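Residue numbering for the sequence shown follows numbering that gives the first Met the number 0, starting at 0 and increasing by one per position.
Honestly, the hints are just simulated from the structure, not real lab data.
Fair warning: there could be bad hints in the mix.
[To be verified] Simulated restraints on C-beta separations:
1) Asp134 x Ile14: 44 to 52 Å
2) Lys133 x His81: 18 to 26 Å
3) Thr12 x Ser59: 25 to 33 Å
4) Cys127 x Glu30: 48 to 56 Å
5) Pro279 x Gly99: 52 to 60 Å
Model, not experiment: these values are computed from the prediction.
Note that CB positions come from ideal geometry on N, CA and C, so glycine has one too.
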Amino acid sequence: MKVVLLESLAIPTEILGKYAEALRQEGHIFEAYERDLDPQVQIARAKDADIVMIANMPLSGEVIRACKKLKYINIAFTGVDHVDLEACKECGIQVSNASGYSNRSVAELALCMMLTLLRNVPQVESRCRAGQTKDGLVGNELYGKTVGIVGLGAIGQATAALCHAFGCRIIAYNPRIKEAPEYIEQMPLGDVLAQSDIVTLHCPLNSSTRGMIGKDELAKMKPTAFLINTARGPVVDSDALCDALNSGKIAGAGIDVFEKEPPLSPEDPLLQAKNTVVTPHVAFATQESMLLRAQIVFDTLDAWLKGERKNIIL
Numbered sequence: 000m001k002v003v004l005l006e007s008l009a010i011p012t013e014i015l016g017k018y019a020e021a022l023r024q025e026g027h028i029f030e031a032y033e034r035d036l037d038p039q040v041q042i043a044r045a046k047d048a049d050i051v052m053i054a055n056m057p058l059s060g061e062v063i064r065a066c067k068k069l070k071y072i073n074i075a076f077t078g079v080d081h082v083d084l085e086a087c088k089e090c091g092i093q094v095s096n097a098s099g100y101s102n103r104s105v106a107e108l109a110l111c112m113m114l115t116l117l118r119n120v121p122q123v124e125s126r127c128r129a130g131q132t133k134d135g136l137v138g139n140e141l142y143g144k145t146v147g148i149v150g151l152g153a154i155g156q157a158t159a160a161l162c163h164a165f166g167c168r169i170i171a172y173n174p175r176i177k178e179a180p181e182y183i184e185q186m187p188l189g190d191v192l193a194q195s196d197i198v199t200l201h202c203p204l205n206s207s208t209r210g211m212i213g214k215d216e217l218a219k220m221k222p223t224a225f226l227i228n229t230a231r232g233p234v235v236d237s238d239a240l241c242d243a244l245n246s247g248k249i250a251g252a253g254i255d256v257f258e259k260e261p262p263l264s265p266e267d268p269l270l271q272a273k274n275t276v277v278t279p280h281v282a283f284a285t286q287e288s289m290l291l292r293a294q295i296v297f298d299t300l301d302a303w304l305k306g307e308r309k310n311i312i313l
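Using the sequences and the accompanying hints, generate a full structural model.
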């Protein structure tokens, strides 16, 4: 089999080399390239591949259909909305992801954003560097707050566990009642939004979640509440969020994901909105999570080569 990795997995070269050598020892061909978004470059690199590996690089139907030998796409990412799954179905291509590698890293960034907003960290740091004091910027504790989790998958439950350890009340919405620890109270989305001091999003992007947090949903939140989005940008109506922030309908937001993948224009409305903490899609990216991701993705590949399936998407 010919295996083509179309973008870096952000692991040390020597570790990637060990994985590649193990494949070669089994008689497979392994080629690795740096990320290139040009579909023609992707086609040139993958046209003879039996297996393509990517992380969060978009992979279009044009590329998928042009790779006539392609049998399997191994996605080193949790979300798969950047891959044309309809083209995969059409071509009979199997797809897996690397679910589980970033559970802790995403949950920790969500918690970090909560604490940063509650304690006014950007504002007080700026004051400190300018030789000023905290006057007017006394923050709040996370302890005792009601945290609403939207999406009770592995990342949502990891975030709930961290917030529970901080002494928070945990409420949650999931489209179907999920088996979860007893300290998580599950209820309809509207109730979660209305009761929460902090709402944190941990749902996938699909037809049912696209735009699920819009003007009407934001209006249900407390004016003192914060919204955290480390899920997918299009889950939130960004125009409605900007309006809610700038008009004081909610108190602030922590945003790691946007409707387009960073880099963003400095004039992007969300970057200009009031009381936001913004990061360029980094929640998944820690040294530990990248190593775990590589372990998962090559283990999934090894299983597929042996006729077994793990982390099945298609």
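Range agreement (Cβ of Gly99 with Cβ of Pro279, hint 52 to 60 Å): 23 Å, violated
Taking the CB of Thr12 and the CB of Ser59, does the distance hold inside 25 to 33 Å? Holds: the Cβ-Cβ distance is about 29 Å, inside 25 to 33 Å.
How does the Cβ-Cβ distance of Asp134 and Ile14 compare with 44 to 52 Å: does it lie in that range? 50 Å Cβ-Cβ, so the 44 to 52 Å window holds.
Has the hinted range 48 to 56 Å been met by the Cβ atoms of Cys127 and Glu30? 50 Å, holds
Check the following: the C-beta atoms of Lys133 and His81 are separated by a distance inside 18 to 26 Å. Hint violated: Cβ distance 42 Å, outside 18 to 26 Å.
In summary, the numbered hints that this structure violates are 2 and 5.
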